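Those protein sequences? They're chains A and B, same order as listed. Okay, so the first sequence: first residue is 1 according to this note's numbering, each after it adds one. Okay, so the second sequence: first residue is 1 according to this note's numbering, each after it adds one.
Since the hints were made in silico from the structure, they are not lab data. Careful, some of the hints might be misleading.
Straight-line alpha carbon distances no greater than 30 Å define the calculated DSS-like cross-link-like pairs of lysine-lysine that follow [to be verified]:
no., chain 1, residue 1, chain 2, residue 2
1, A, K192, B, K8
2, B, K9, B, K233
3, B, K208, B, K35
4, B, K35, B, K233
5, A, K163, B, K8
6, B, K187, B, K154
7, A, K192, A, K216
8, B, K44, A, K216
9, A, K216, B, K150
10, B, K290, A, K139
11, B, K263, A, K191
12, A, K163, B, K34
13, A, K191, B, K9
14, B, K116, A, K216
15, B, K8, B, K34
16, B, K221, A, K176
17, A, K192, B, K9
18, B, K34, A, K192
19, B, K35, B, K150
20, B, K116, B, K44
21, A, K192, B, K226
22, B, K157, A, K163
Model, not experiment: these values are computed from the prediction.
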Amino acid sequence: MPIHEKNLIRPENLSTHENLVIDGVDVSGDWSTFIKPRVVTDYNEGLQDEIAALPGGEYIHRCWQCGSCTNSCTVNALDPDFNPRHWIYLIRMGFEDELVRDKDLIWQCVSCNKCTYACPRDVVPEGVMKATAHWLELKGYTEKSPSTIFDEEFSSQVFRTGKIEDGRVMMGFFRKTGQSLLQPWLVEFVKKMLTGLPLGWMMKMGWATVFHPRTKGWARARAAIEEYAHEKELEHLAAVRGGHPEARFDPAK
Amino acid sequence: MDKKQAYKKVAYYPGCALEGSGHGYNKSTKAVGKKLGLELEEVKNWNCCGAMEVKNIDPKIQTYLSARVMNIAANEMGHDVVMAPCNGCYHNLKKAEYDLAHDESSREVTDRLSSKAGHGTYEAGQIETIHALDWIKDGIGEDELRRRVKGGLKGLKVANYYGCMYTRPRHIFPEKDQGPGSESTSKPHFMDDLLAAAGAENVDFALKTACCGGAHTLSDKDTSTKLVVNILKAAEEAGAEVIATECPTCHAGLEMHQVRAEKEFGIKTNVKMMYFTQLLGVALGLSPRKVGIPENASDGRAALRARAIA
Ligand code: SF4
Ligand code: SF4
Ligand code: SF4
Ligand code: SF4
């Protein structure tokens with residue numbers, strides 16, 4: 001299926017003429033729309049390096065803009081404005097401001113890896129989406145997305161005890177995002193699940209939310225993981241902040 | 001074939017989900033293994049493989065977590081094969097295996113964390129990770145399965161749903177796409193093969209490897225509901241009575257958003273979700289209760305009864 005990316009032509013870059021004749025040729029109507037010529041001066045030359053310094057972004061430089069990622073993308077099929085190829089282009093060109101306009105979309109990547117499967121250049125676009133979402137947060141352009149809050153809730157439980165308990169992750173997530181546990185659909189779902197459960201299981205699951213399942217002798221693993229995670233965080237922050245604002249190319253200066 | 005021998009007794013890595021919402025999968029996997037004479041030895045004192053969530057925080061921590069599991073199975077318990085029924089666990093162990101074989105810095109981080117945590121390290125190649133599908137397909141095979149079936153699935157119409165993590169990305173599954181006998185990443189068929197041997201009629205289902213939005217099942221609920229509704233409707237349009245699943249996350253995602261679609265958007269679908277091991281179990285003569293079918297949120301007993309299965 002061909003992709004139609006007309007949505008990328010932003011209204012502010014268009015000029016429309018109802019009646020326009022050029023060299024005796026009437027170019028009104030369908031031919032009356034032209035992209036305004038413009039000179040871009042506000043780009044961030046370090047943008048690609050900033051993304052590449054974050055986990056998942058490592059291979060962004062390989063992209064040759066074939067569009068296979070966008071064409072295969074699960075989220076793009078629901079929302080044409082979700083366009084991994086386009087964002088990779090903006091990053092490689094250093095168009096930070098244009099990228100930031102889509103800041104509330106990028107985190108919606110569902111990590112299905114259809115793009116990674118289709119990409120002929122091993123860019124791992126799924127990783128680039130994660131790195132970009134992460135970058136938007138590190139830069140302060142967005143609050144933590146619900147997805148990041150979920151990842152953090154989940155990971156901190158794994159770091160602490162070695163295991164997760166799915167009910168507990170869900171409750172932690174709902175608490176942190178201010179959602180009610182009593183959403184009617186959820187209550188209905190839990191009811192359906194509980195009706196068939198043998199009593200023994202219910203007790204075991206109830207037990208698990210009180211006495212958290214854990215891996216024995218995990219304390220040293222926990223310390224090692226947390227130390228490493230902390231080092232990485234500082235590295236990521238330095239890589240992103242480091243590129244800003246000094247590395248911003250400003251020809252006016 | 002020596003896989004038949006190798007898969008007779010394997011290390012079993014149930015993962016966190018099978019101890020929680022995916023207990024029906026755990027129960028049926030064990031019951032079917034027992035019935036077929038395939039032995040499972042649970043990985044001792046295992047930890048979470050890291051799932052997608054830890055990978056998003058830092059992929060190398062996820063590699064370490066999965067490596068710890070493989071180290072126990074291979075080096076402490078002496079197994080050559082570890083079997084994971086959860087797509088997430090299976091995928092992550094495979095991904096760790098790939099990264100440890102190909103990326104120096106992943107090896108360094110795994111070695112560093114393993115030594116600080118006070119246990120041995122895992123080296124690529126020390127164990128083979130397989131999915132529950134490989135386990136039965138290669139450890140038993142369709143012919144043997146056909147012989148063992150009691151009653152069978154009597155032409156039950158099934159859509160086989162494999163989700164994302166069983167086939168993507170391709171590079172972490174070097175044994176797939178290797179010609180006859182191997183699994184395909186574009187059109188997987190191992191589950192279709194097994195269920196056909198058990199007497200099911202597999203419908204032509206285009207969304208086998210579509211994504212249910214599991215990564216955001218709670219954090220972006222509307223997207224997940226839309227993706228799940230697409231899958232459920234496509235299965236129904238193809239004539240399926242049951243969607244067979246092979247992953248606790250996919251299974252729970254379909255069930256949860258089937259309920260949510262009806263409650264929040266008035267979109268009703270009737271197709272039932274069942275783990276492929278539950279279907280194999282009843283085909284082998286086990287009762288639905290024995291394989292945990294009543295414990296699924298979408299209780300498929302009526303669908304089975306309608307065809308006088310079990
Ligand atoms: S598929 Fe790969 S090479 Fe093609 S546009 Fe997407 S990232 Fe770039
Ligand atoms: S992983 Fe993300 S970007 Fe890639 S196809 Fe899936 S939703 Fe689209
Ligand atoms: S993928 Fe899911 S089930 Fe498997 S170990 Fe990790 S959290 Fe647990
Ligand atoms: S749960 Fe959904 S997103 Fe995850 S593997 Fe299964 S289909 Fe894909």
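Here is how each hint holds up against the structure:
no.	hint	in the structure
1	A:K192 - B:K8	violated (36 Å)
2	B:K9 - B:K233	violated (39 Å)
3	B:K208 - B:K35	holds (28 Å)
4	B:K35 - B:K233	violated (34 Å)
5	A:K163 - B:K8	holds (28 Å)
6	B:K187 - B:K154	holds (24 Å)
7	A:K192 - A:K216	violated (33 Å)
8	B:K44 - A:K216	holds (10 Å)
9	A:K216 - B:K150	violated (42 Å)
10	B:K290 - A:K139	violated (53 Å)
11	B:K263 - A:K191	holds (13 Å)
12	A:K163 - B:K34	holds (27 Å)
13	A:K191 - B:K9	violated (37 Å)
14	B:K116 - A:K216	holds (16 Å)
15	B:K8 - B:K34	holds (11 Å)
16	B:K221 - A:K176	holds (16 Å)
17	A:K192 - B:K9	violated (35 Å)
18	B:K34 - A:K192	holds (29 Å)
19	B:K35 - B:K150	holds (11 Å)
20	B:K116 - B:K44	holds (20 Å)
21	A:K192 - B:K226	holds (21 Å)
22	B:K157 - A:K163	violated (37 Å)
Hint check: violations occur at hints 1, 2, 4, 7, 9, 10, 13, 17 and 22; the rest are consistent with the structure.
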